Amino acid sequence: MAAPTVQIEHVSKRYGHVQALDDVSFQIEPGEVVAMLGPNGAGKTTSISIMLGTRKPTTGTARLFGLNPRDLKARSRIGVMLQDSGIPGMLRVSEIVSLFAAYYPAPLPAGEAIAMAGLQDKAASLVKDLSGGQRQRLYLALAVCGNPDVLFLDEPTVGMDVEGRRNFLIEIGKYAARGRTIVLTTHYLEEADELATRVIVIDKGRLIADSTPAQIKARVAGKHVVFTAAGEFGQADLEGLPLTASHIEDHRVRLLTNEPEAVVRELFRRGVDLHNLEVGGADLEEAFVSMTHHEAGS
Amino acid sequence: MATATRPATAPLGPMLFKQSRAEFIKMFRVPAFSATSIILPLIFFAFIGLGQAKDPLYPHATVTFGAYFLASMALYGVANVMVLGFGISIANERGQKQDLLMQATPLPAPVYFAAKAISALVIAALALLALSLFATFAGGVQLTASQWVTLLSRAMICSIPFIGLGFALGYISSPNSAPAIANLVYLPTAFASGLFFPLRFLPDFLHNVAPYLPLYRGAQLVWDAVGAPTEGGSIARDWTYMAAFTIGFFFLAFRAYRRDQGRKFN
Numbered sequence: 001m002a003a004p005t006v007q008i009e010h011v012s013k014r015y016g017h018v019q020a021l022d023d024v025s026f027q028i029e030p031g032e033v034v035a036m037l038g039p040n041g042a043g044k045t046t047s048i049s050i051m052l053g054t055r056k057p058t059t060g061t062a063r064l065f066g067l068n069p070r071d072l073k074a075r076s077r078i079g080v081m082l083q084d085s086g087i088p089g090m091l092r093v094s095e096i097v098s099l100f101a102a103y104y105p106a107p108l109p110a111g112e113a114i115a116m117a118g119l120q121d122k123a124a125s126l127v128k129d130l131s132g133g134q135r136q137r138l139y140l141a142l143a144v145c146g147n148p149d150v151l152f153l154d155e156p157t158v159g160m161d162v163e164g165r166r167n168f169l170i171e172i173g174k175y176a177a178r179g180r181t182i183v184l185t186t187h188y189l190e191e192a193d194e195l196a197t198r199v200i201v202i203d204k205g206r207l208i209a210d211s212t213p214a215q216i217k218a219r220v221a222g223k224h225v226v227f228t229a230a231g232e233f234g235q236a237d238l239e240g241l242p243l244t245a246s247h248i249e250d251h252r253v254r255l256l257t258n259e260p261e262a263v264v265r266e267l268f269r270r271g272v273d274l275h276n277l278e279v280g281g282a283d284l285e286e287a288f289v290s291m292t293h294h295e296a297g298s
Numbered sequence: 001m002a003t004a005t006r007p008a009t010a011p012l013g014p015m016l017f018k019q020s021r022a023e024f025i026k027m028f029r030v031p032a033f034s035a036t037s038i039i040l041p042l043i044f045f046a047f048i049g050l051g052q053a054k055d056p057l058y059p060h061a062t063v064t065f066g067a068y069f070l071a072s073m074a075l076y077g078v079a080n081v082m083v084l085g086f087g088i089s090i091a092n093e094r095g096q097k098q099d100l101l102m103q104a105t106p107l108p109a110p111v112y113f114a115a116k117a118i119s120a121l122v123i124a125a126l127a128l129l130a131l132s133l134f135a136t137f138a139g140g141v142q143l144t145a146s147q148w149v150t151l152l153s154r155a156m157i158c159s160i161p162f163i164g165l166g167f168a169l170g171y172i173s174s175p176n177s178a179p180a181i182a183n184l185v186y187l188p189t190a191f192a193s194g195l196f197f198p199l200r201f202l203p204d205f206l207h208n209v210a211p212y213l214p215l216y217r218g219a220q221l222v223w224d225a226v227g228a229p230t231e232g233g234s235i236a237r238d239w240t241y242m243a244a245f246t247i248g249f250f251f252l253a254f255r256a257y258r259r260d261q262g263r264k265f266n
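Protein chains in written order, with the numbering used here: chain A, 1 to 298; chain B, 1 to 266.
Possibly wrong hints are sitting among the right ones.
[Unchecked claim] Within a straight-line C-alpha distance of at most 25 Å, the following computed PhoX-like cross-link-like pairs (lysine-lysine) qualify:
1. A:56 x B:264
2. B:18 x A:56
3. B:264 x A:73
4. B:54 x A:128
5. B:97 x B:264
6. A:73 x B:18
7. A:174 x A:217
8. A:223 x B:18
Just so you know, these hints were derived from the structure itself, not from any lab.
What you are looking at is a predicted structure, and each value in this text was computed from that prediction instead of being measured.
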């Protein structure tokens with residue numbers, strides 16, 4: 001029985017007074033494509049760093065293929081893209097890719113890794129002359145050149161234009177289709193939805209959801225309906241409505257739903273006296289907040 | 001499973017070779033580094049040594065001023081590569097967070113550092129070669145075969161403690177302060193060690209400080225190689241000092257490295 005690819009058990013991480021992760025546990029099995037979703041500062045990068053062994057958990061344990069993540073045998077089976085990591089500007093693209101390939105026991109030919117990242121035209125360019133998007137693609141080439149079983153991608157599409165992001169996701173999708181495990185962090189739901197078979201939602205250092213993209217989307221991608229109710233209004237008045245979250249404070253009612261029209265129609269039918277009605281898209285931050293409440297309430 | 005048949009990690013030999021080559025290429029492609037490393041000792045030799053290269057070092061001496069100053073600049077050149085070029089490039093790489101990604105690759109840290117040292121040694125050797133050719137053909141400096149071998153090998157060996165000093169500087173200073181700190185440490189000690197002017201022309205207090213400077217001890221070793229008189233007591237004592245400096249600087253470098261890593265990766 002093979003060990004899980006990633007095993008995080010009761011991991012907490014503090015930086016001084018900041019609790020970056022708070023008792024987080026999960027496992028990732030071979031072949032899974034996992035998106036770690038959360039707002040900025042949620043603890044996604046810290047989670048990746050702990051899985052990679054570049055940071056130590058304050059408490060709890062992290063294993064990679066059942067090994068210490070710092071073990072070279074574990075490191076030899078992973079490829080990584082990190083945020084704001086520098087690479088030598090005075091090497092050519094082809095030089096640095098073949099250099100990184102030499103770190104791994106069974107690498108891809110450098111040309112193949114460069115082609116996967118769509119950088120053939122820039123193979124002879126110095127790294128310092130690349131644009132932001134090209135640099136990001138070079139990081140992908142460096143991540144895949146070792147032909148790793150697992151790819152860790154921390155915010156891989158940051159700084160890319162729409163076109164670049166599309167192509168990038170297609171390439172990562174192809175890599176996933178080869179049966180490789182992929183762990184990526186993002187704060188874009190669409191990215192998670194497009195690639196992942198599983199979404200782990202982290203907010204304020206806590207794991208608040210772990211399920212399929214469809215389920216997360218149902219809870220996150222809804223609309224909010226906000227209004228002031230005249231007269232008595234309580235949870236009982238919301239009975240039977242297709243809501244994913246609700247919040248009532250004084251007379252201000254805030255609902256999260258995928259069917260705003262049906263909700264509003266039903267509220268009118270029930271004779272609720274609505275004022276200041278607003279219907280709008282729920283942003284991710286808002287969805288996270290509602291999700292946290294939801295989890296706490298259930 | 002396919003992964004079961006392949007080796008678990010990559011072979012270290014080819015990794016070290018490729019890493020060293022890449023380190024060399026990237027340092028050499030920075031003109032500010034390669035040009036100053038190779039041309040600066042040559043310029044000093046041209047300005048100070050060329051005019052009196054064939055004169056005896058002192059009345060009736062067999063050793064010429066050219067041979068003596070070639071030895072001085074040989075030591076200056078190799079240590080210059082280690083302290084200024086090497087130390088500053090490490091500080092810059094840290095500033096650009098290049099170590100972040102390297103930390104997550106299966107490249108072992110000792111291979112990474114060995115490659116840096118090897119590439120710096122190669123550049124130091126190139127600087128020595130250029131200086132020797134210049135001194136021979138432009139300055140008419142003549143040494144016996146055994147003097148050449150002794151001079152060049154001693155200069156290379158004397159560069160080793162400065163690798164440790166360069167590493168330490170690179171990990172202690174920030175990218176912005178590195179050039180200033182490196183120059184502040186290196187240039188005055190080169191003067192105080194008698195590499196440009198004999199110690200007797202320098203202020204008295206330096207006579208007391210000089211014997212405890214690594215460049216002073218190195219200077220005795222390279223001067224001895226070309227047959228010039230030395231003033232450090234004995235050659236054995238000079239070697240002992242150099243060994244102690246090597247241990248001390250590498251220890252300092254290791255401490256600075258650990259402190260930096262602890263800040264970033266804990």
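Hint check results:
1. A:56 x B:264: holds (11 Å)
2. B:18 x A:56: violated (30 Å)
3. B:264 x A:73: Holds, because 23 Å separates the two Cα atoms, which is no more than 25 Å.
4. B:54 x A:128: Status violated; Cα separation ~47 Å.
5. B:97 x B:264: Within the cut-off at roughly 10 Å; holds.
6. A:73 x B:18: holds (20 Å)
7. A:174 x A:217: Holds, at about 23 Å.
8. A:223 x B:18: Distance ~55 Å between residue 223 (chain A) and residue 18 (chain B) Cα, so the pair is violated.
Checked against the numbered hints above, the structure breaks hints 2, 4, 8 and satisfies the rest.
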